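Whenever a hint applies, use it, and build me the whole structure from the sequences.
For the record, the sequence lines run as chains A and B.
So in our numbering, spot 251 of the first sequence is number 425, and the numbers just go up one at a time.
So in our numbering, spot 114 of the second sequence is number 288, and the numbers just go up one at a time.
Be aware that one or more of the hints could be misleading.
Claimed, not checked - Short, incomplete list of chain B residues facing chain A, as computed with Cβ under 8 Å:
#, residue
1, L258
2, Y287
3, L345
4, I349
5, L351
6, N355
7, M363
8, Y373
9, T376
10, T387
11, K454
Claimed, not checked - From the derived model, a few chain B residues whose C-beta atoms are all more than 12 Å from chain A:
#, residue
12, P313
13, L326
14, S430
15, E447
16, D458
What the hints assert, rightly or not - Label pairs and their in silico Cβ distance ranges:
#, chain 1, residue 1, chain 2, residue 2, range
17, B, F429, A, E333, 45 to 55 Å
18, B, S344, A, N355, 57 to 67 Å
19, A, K305, B, G307, 36 to 46 Å
20, A, G307, B, K433, 19 to 29 Å
21, A, E463, B, K459, 36 to 46 Å
22, A, K309, B, S207, 20 to 30 Å
23, B, K441, A, K386, 48 to 58 Å
24, A, K309, B, G225, 35 to 45 Å
25, A, K309, B, E328, 51 to 61 Å
26, A, G307, B, D442, 35 to 45 Å
27, A, G307, B, L206, 51 to 61 Å
28, A, K309, B, K433, 44 to 54 Å
29, A, S344, B, I461, 47 to 57 Å
30, A, T292, B, D442, 14 to 24 Å
In short, the hints are calculated from the structure, not lab data.
Predicted model, so just to flag it, every value in this text is computed and none were measured.
C-beta atoms are modelled at their ideal positions from N, C-alpha and C, and glycine is treated no differently.
There are 2 protein chains.
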Amino acid sequence: MKNKPFKNILVVGLGLIGGSIIKNLLNKKENLSIYGLDINLDIVKKANNLGLIKNRTNTIGSLDQDSLIIFSVPPLSIKEAIDLVEQEVDVREVIFTDTLSVKSGLLNVLESYSDIRTRFVMSHPIAGSEKSGLKSSKPLLFEDKLVVVSALEELTQSEYLKRICNFWESLGSKIILLDKNDHDRIFSMTSHLPHVIAYALTDFLLNQLGKKTFIYSGGSLEDYTRISSSDPRMWKDIMVSNKDDLIEAMEGFAFSLDKIIDLIRSKDEQSLEELLNSIKLKRDKLIDERD
Amino acid sequence: MKNKPFKNILVVGLGLIGGSIIKNLLNKKENLSIYGLDINLDIVKKANNLGLIKNRTNTIGSLDQDSLIIFSVPPLSIKEAIDLVEQEVDVREVIFTDTLSVKSGLLNVLESYSDIRTRFVMSHPIAGSEKSGLKSSKPLLFEDKLVVVSALEELTQSEYLKRICNFWESLGSKIILLDKNDHDRIFSMTSHLPHVIAYALTDFLLNQLGKKTFIYSGGSLEDYTRISSSDPRMWKDIMVSNKDDLIEAMEGFAFSLDKIIDLIRSKDEQSLEELLNSIKLKRDKLIDERD
Numbered sequence: 175m176k177n178k179p180f181k182n183i184l185v186v187g188l189g190l191i192g193g194s195i196i197k198n199l200l201n202k203k204e205n206l207s208i209y210g211l212d213i214n215l216d217i218v219k220k221a222n223n224l225g226l227i228k229n230r231t232n233t234i235g236s237l238d239q240d241s242l243i244i245f246s247v248p249p250l251s252i253k254e255a256i257d258l259v260e261q262e263v264d265v266r267e268v269i270f271t272d273t274l275s276v277k278s279g280l281l282n283v284l285e286s287y288s289d290i291r292t293r294f295v296m297s298h299p300i301a302g303s304e305k306s307g308l309k310s311s312k313p314l315l316f317e318d319k320l321v322v323v324s325a326l327e328e329l330t331q332s333e334y335l336k337r338i339c340n341f342w343e344s345l346g347s348k349i350i351l352l353d354k355n356d357h358d359r360i361f362s363m364t365s366h367l368p369h370v371i372a373y374a375l376t377d378f379l380l381n382q383l384g385k386k387t388f389i390y391s392g393g394s395l396e397d398y399t400r401i402s403s404s405d406p407r408m409w410k411d412i413m414v415s416n417k418d419d420l421i422e423a424m425e426g427f428a429f430s431l432d433k434i435i436d437l438i439r440s441k442d443e444q445s446l447e448e449l450l451n452s453i454k455l456k457r458d459k460l461i462d463e464r465d
Numbered sequence: 175m176k177n178k179p180f181k182n183i184l185v186v187g188l189g190l191i192g193g194s195i196i197k198n199l200l201n202k203k204e205n206l207s208i209y210g211l212d213i214n215l216d217i218v219k220k221a222n223n224l225g226l227i228k229n230r231t232n233t234i235g236s237l238d239q240d241s242l243i244i245f246s247v248p249p250l251s252i253k254e255a256i257d258l259v260e261q262e263v264d265v266r267e268v269i270f271t272d273t274l275s276v277k278s279g280l281l282n283v284l285e286s287y288s289d290i291r292t293r294f295v296m297s298h299p300i301a302g303s304e305k306s307g308l309k310s311s312k313p314l315l316f317e318d319k320l321v322v323v324s325a326l327e328e329l330t331q332s333e334y335l336k337r338i339c340n341f342w343e344s345l346g347s348k349i350i351l352l353d354k355n356d357h358d359r360i361f362s363m364t365s366h367l368p369h370v371i372a373y374a375l376t377d378f379l380l381n382q383l384g385k386k387t388f389i390y391s392g393g394s395l396e397d398y399t400r401i402s403s404s405d406p407r408m409w410k411d412i413m414v415s416n417k418d419d420l421i422e423a424m425e426g427f428a429f430s431l432d433k434i435i436d437l438i439r440s441k442d443e444q445s446l447e448e449l450l451n452s453i454k455l456k457r458d459k460l461i462d463e464r465d
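Below you can see the structure in the form of structure tokens.
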């Protein structure tokens, strides 16, 4: 069942994700007013010049109940972004969402903004890229991509949740729901840890092999290290704001790594092959079940 | 300049790589006799039944100077494979190559086979897959893939080297030459270490998240862990036979990892962002230069 669409959209943070949301909405040519805020006023002006947003400064005026405000900023900038909205926009019964990769900081901040909290549904589009910034944004970024949606407790099954899910589906995304308290732990393992690993591997390889790093790998190592070209500011924020979960994940990964290294070191061929085999079989089974 | 093609090809080890070589050659319908050996006689019979090889058992008869013998076995099986050839094939002036991912064991073994050593040029096709075995082999596996070719000292710039490079080019591959003494150290870092990391990461994730491992990642984590579904026997062999280089690479990687973790732990945001940024800039520069 399709809910009524929003009449006004305000995107706070005009980067890859925020810019791509706007470009998708503009492509649809619906009767919709789009606004944007950014702490960098040059970006606001640029987005206005490009015809992406109506406003030329960070002052918007008022937004009514048919409006959606999307926070699309680095995790450590969320409080600043909310304060900017409170200061520059007269907000009445609008719905809020975000695109942050870490939720604990957002949840903490929302404790102090109860009027916003009661109208907030969290979103995490899995549509990142090693490209970043408004210049890299594109209308089809969300096509067939997953968006992980987490309701705050009092909002589970609410009208707000449905409208947020409808919004992402209108951008071409598929929705999966996740308990808000599980989000950061799961993503510390499935996303943040692989990024830390990729940055560390690339650092090591570049230090050892320099210009020779990629020439013997025929493209596969470029793929494997691609995420270490992600936005440094964004990923510094993600790592620091999910510090505790991430360090726990690192320790678990180090345990698995040491298990393999010890078997290599002791040349315990049988146990090593059994371990690699059990990892392969379990992974293949999960992938098969998903397909 | 194209050299004369081989009239007989013997592939020792009828797995993904060996089978794919044969299927490519058969597709060309050249005047060529193809033979295959495998320690598993069922596979030899199967390959014969499929019309891939002329022989039905491991006994071949004699091969003359227009012949190429390709060892395509797990690294720790190379001595057994060479012994099988010596025992089952009457070899006269043929040229030898291999497809092994680790070369130090091969180089050690060849010290005891000086007649083979003087006619051996090493090859490492970068055309692996998480699929393995004859059943997964396919004629276009080498199309546009890299093959790293390493001459033994006395053969540098020889006719043999040219014929081996021509052979791989005829399969659609691009050639890059590499000093034989650099091979294992470089691949310990660019290939073997990423495989160990992927196995460890998958092990950790499956233990922690079980069936939920892949459902919140929209495909990116499947890609990142894909190589942990590689052939366990093959990769056990690679890890054990390149133990010293691999452990050294692991220690270097751990150093880079600790550097990042320490900055996260101490919330040193500025140094962390600077480090991530320097990794990104160096990587982007190398990728740009290659394109």
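Tested hints:
1. Below 8 Å, beta-carbon pairs count as interface contacts, and L258(B) has none with chain A, the closest being about 21 Å; its hint is therefore violated.
2. Of the supplied interface hints, the one on Y287(B) is violated, with its beta-carbon coming no nearer than about 24 Å to a beta-carbon of chain A, more than 8 Å.
3. Evaluation of the L345(B) hint against chain A yields a violated restraint, the C-beta minimum of about 14 Å exceeding 8 Å.
4. Interface hint at I349(B): violated, since its Cβ lies 11 Å from the closest Cβ of chain A, which is beyond the 8 Å cut-off.
5. For L351(B), the interface hint is violated, since its Cβ never comes within 8 Å of a Cβ in chain A; the closest pair sits about 10 Å apart.
6. Below 8 Å, beta-carbon pairs count as interface contacts, and N355(B) has none with chain A, the closest being about 14 Å; its hint is therefore violated.
7. At about 6 Å, the closest approach between the beta carbon of M363(B) and any beta carbon in chain A falls short of 8 Å, and the interface hint on this residue holds.
8. At its closest, the beta carbon of Y373(B) sits 5 Å from a beta carbon of chain A; the interface hint therefore holds under the 8 Å criterion.
9. This hint holds: T376(B) has a C-beta 5 Å from the nearest C-beta of chain A, less than the 8 Å allowed.
10. With a least beta-carbon distance of about 6 Å to chain A, the hint placing T387(B) at the interface is held under the 8 Å criterion.
11. With 8 Å as the threshold, the beta carbon of K454(B) comes within range of chain A, its nearest partner Cβ sitting at about 5 Å, so the hint holds.
12. Here P313(B) stays apart from chain A, with its beta-carbon at least about 18 Å from theirs, past the 12 Å limit.
13. The beta carbon of L326(B) sits about 19 Å from the closest Cβ of chain A, which is more than 12 Å, so the claim that it is off the interface holds.
14. A beta-carbon of chain A comes within 12 Å of the beta-carbon of S430(B); the shortest separation is about 4 Å.
15. At the 12 Å boundary, the C-beta of E447(B) falls inside the reach of chain A, the nearest C-beta of that chain being 4 Å off.
16. With a least CB separation of 6 Å from chain A, D458(B) falls inside the 12 Å interface cut-off, contrary to its annotation.
17. Take F429(B) and E333(A): their Cβ atoms lie about 52 Å apart, and the range 45 to 55 Å holds.
18. Between S344(B) and N355(A) the beta carbon distance is about 59 Å. The supplied range of 57 to 67 Å therefore holds.
19. Roughly 38 Å separates the CB atoms of K305(A) and G307(B), a value that falls within the hinted 36 to 46 Å.
20. For the hinted restraint 19 to 29 Å between G307(A) and K433(B), the CB-CB distance of approximately 27 Å keeps it satisfied.
21. The supplied range of 36 to 46 Å is met by E463(A) and K459(B), whose beta-carbon atoms lie about 41 Å from each other.
22. Judged by the Cβ atoms, the range 20 to 30 Å given for K309(A) and S207(B) is violated: they are separated by roughly 58 Å.
23. In this structure the supplied range 48 to 58 Å is violated for K441(B) paired with K386(A), their Cβ-Cβ distance being about 35 Å.
24. Remark: the range hint 35 to 45 Å for K309(A) to G225(B) is contradicted by a beta-carbon distance near 55 Å.
25. Checked against the hint of 51 to 61 Å, the C-beta distance between K309(A) and E328(B) comes to roughly 55 Å, which is consistent with it.
26. Look at G307(A) against D442(B): about 25 Å separates their beta carbons, and that is not inside 35 to 45 Å.
27. Restraint check, G307(A) to L206(B): a C-beta distance of roughly 55 Å satisfies the suggested window 51 to 61 Å.
28. Restraint check, K309(A) to K433(B): a C-beta distance of roughly 31 Å breaks the suggested window 44 to 54 Å.
29. Distance hint for S344(A) and I461(B): a CB-CB separation of about 35 Å, inconsistent with the stated range 47 to 57 Å.
30. Between T292(A) and D442(B) the C-beta distance comes to about 36 Å, which lies outside the given range of 14 to 24 Å.
Of the numbered hints stated above, those contradicted by the structure are hints 1, 2, 3, 4, 5, 6, 14, 15, 16, 22, 23, 24, 26, 28, 29 and 30, listed in ascending order.
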